[in-house]
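Starting from the given sequences, assemble the full structure and let the hints guide the process.
Chain by chain, the residues run as shown.
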Amino acid sequence: MKGCDLILANYGYKDGSGEYFITIDTDKCDGCGKCVEACPGKVLEVGEDQNDPLNENEVAFVTEAERKKIKYTCGPCKPASNRPELPCVTACEPNAIEHSW
Amino acid sequence: MAEEVKENDEKQEFWRWTESNWKNPDLKWEDAKIITAGIDVGSVSSQAVICADGEIFAYSNMRTGSDSPESAKNALNYALEGTNMPESRIDYCIGTGYGRVNVPMADRSITEIACHARGANFIYGNEVRTVLDVGGQDCKAIRCDEKGKVINFLMNDKCAAGTGRGMEVFADLLSVPIVDVGERSFKIKEEPTPVSSTCVVYAKTEATGLLRKGWEVNEVLAAYCAAMAERIYSLIERIGIEKEFAITGGMAKNVGVIDRLMKIIKMDPMKTKWDTQIAGAVGAGLFGYTLVQKGKGRK
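In order, the protein sequence lines correspond to chains A and B. Here the numbering used here = 1-based position in the first sequence + 982. Here the numbering used here = 1-based position in the second sequence + 2.
Treat the hints as calculated values from the structure; they're not laboratory data. One or more of the hints may lead you astray.
Pair by pair, the computed Cβ-Cβ distance ranges are [claimed, not checked]:
hint	chain 1	residue 1	chain 2	residue 2	range
1	B	148	A	1022	37 to 45 Å
2	B	218	A	1038	52 to 60 Å
3	B	265	A	1075	42 to 50 Å
4	A	1022	B	32	56 to 64 Å
5	B	218	A	988	44 to 52 Å
6	A	1001	B	266	17 to 25 Å
7	B	159	A	1080	15 to 23 Å
8	A	1075	B	57	40 to 48 Å
9	B	83	A	1037	31 to 39 Å
Every residue gets a Cβ at the ideal spot worked out from N, C-alpha and C, and that includes glycine.
This is how it looks when you write it as structure tokens:
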């Protein structure tokens, strides 16, 4: 039995213009990598769970380089009107990805 | 004469805090089966912790220099100083922190998020559920379970406002020794309005402006500490705060910021006998111990 059914990794930042976080539930994420293929901005990556060295399963995370600029990299997927479903969120079968904005 | 005074002024480094090392005199490392080391190379400070069978045997806390591998070596040597333990006795070494990829003797690196949660779990006890680490140039809020496993975290490293280095710059600007900032910020008649920006660059301009307006140094310190507390709060608000609450990193030693932060979140922080700056390195050392025990201590 798992002690907690939520293991959330928040990647992103908060600045004067708002909060920009991509949250990945690493408990749900099975490391399939479909989000990596779906993302046109190459924001996501799959690899060793960096925040739990005892976890043997691979999980998705936001690349180090993108963490500080996702507001801009994710921009093209988020038009101001008629916003479609986000490709990463749609591709994720276990529903492990969430965007805060 | 005036020039001479200036020269003396320049010699005093108000931002500097004392480096330290410690060893457990009752622990015989010769008897220990597994010796692990955790080295946390941060942006401002570096720590090394030596663990003997999962207990802290020795540690050091130093300033990070311009050369990360050198800082890691210095920290480890300083921790080993006076212990008679040769470096070769260390079975497994883990690097963590901002400069973790630059720790030459590390067998593996682990993110500071995981290490701080594990370290706080050890130094504060396993009742810790929320860990706030305010380091030299970033700020991390972590929720963890009773084993010190991360369940929700957030790191703000985009901007150094409201962090340790900002406080150092500020202490230097006002010529107040960094260790006195917290207490002096309470020696005021009335709590002033917090400065509007914690940005290190703007805060300097703002502080100079307030001083010129006739504010006392202590009042300016109070205004800055309050602004930092508010900024830190805006970050931890997102992950939610659960009891018990513990603070690690250098800022845990600044009562001016911590007391004001605790007033906002209406909680009491946990207390510890350990140096709060070593939490990351302790976590790394303990992870090393667990990995070796599980036979995963791959070299």
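How the hints compare with the structure:
Taking 37 to 45 Å as the suggested C-beta distance range, the pair residue 148/B and residue 1022/A conforms, at roughly 41 Å. For the pair residue 218/B and residue 1038/A, the beta carbons lie near 58 Å from each other, so the given range of 52 to 60 Å is met. Between residue 265/B and residue 1075/A the beta carbon distance is about 45 Å. The supplied range of 42 to 50 Å therefore holds. Between residue 1022/A and residue 32/B the CB atoms are about 59 Å apart, so this pair conforms to the stated range of 56 to 64 Å.
At about 48 Å, the CB distance of residue 218/B to residue 988/A agrees with the hint of 44 to 52 Å. About 19 Å separates the C-beta atoms of residue 1001/A and residue 266/B, a value consistent with the hinted range of 17 to 25 Å. For residue 159/B and residue 1080/A, the hinted distance range of 15 to 23 Å is satisfied, since their beta carbons lie about 21 Å from each other. In this structure the supplied range 40 to 48 Å holds for residue 1075/A paired with residue 57/B, their Cβ-Cβ distance being about 44 Å.
Against the hinted window of 31 to 39 Å, the Cβ-Cβ separation of residue 83/B and residue 1037/A comes to about 36 Å, which satisfies the hint.
Of the numbered hints stated above, none is contradicted by the structure.
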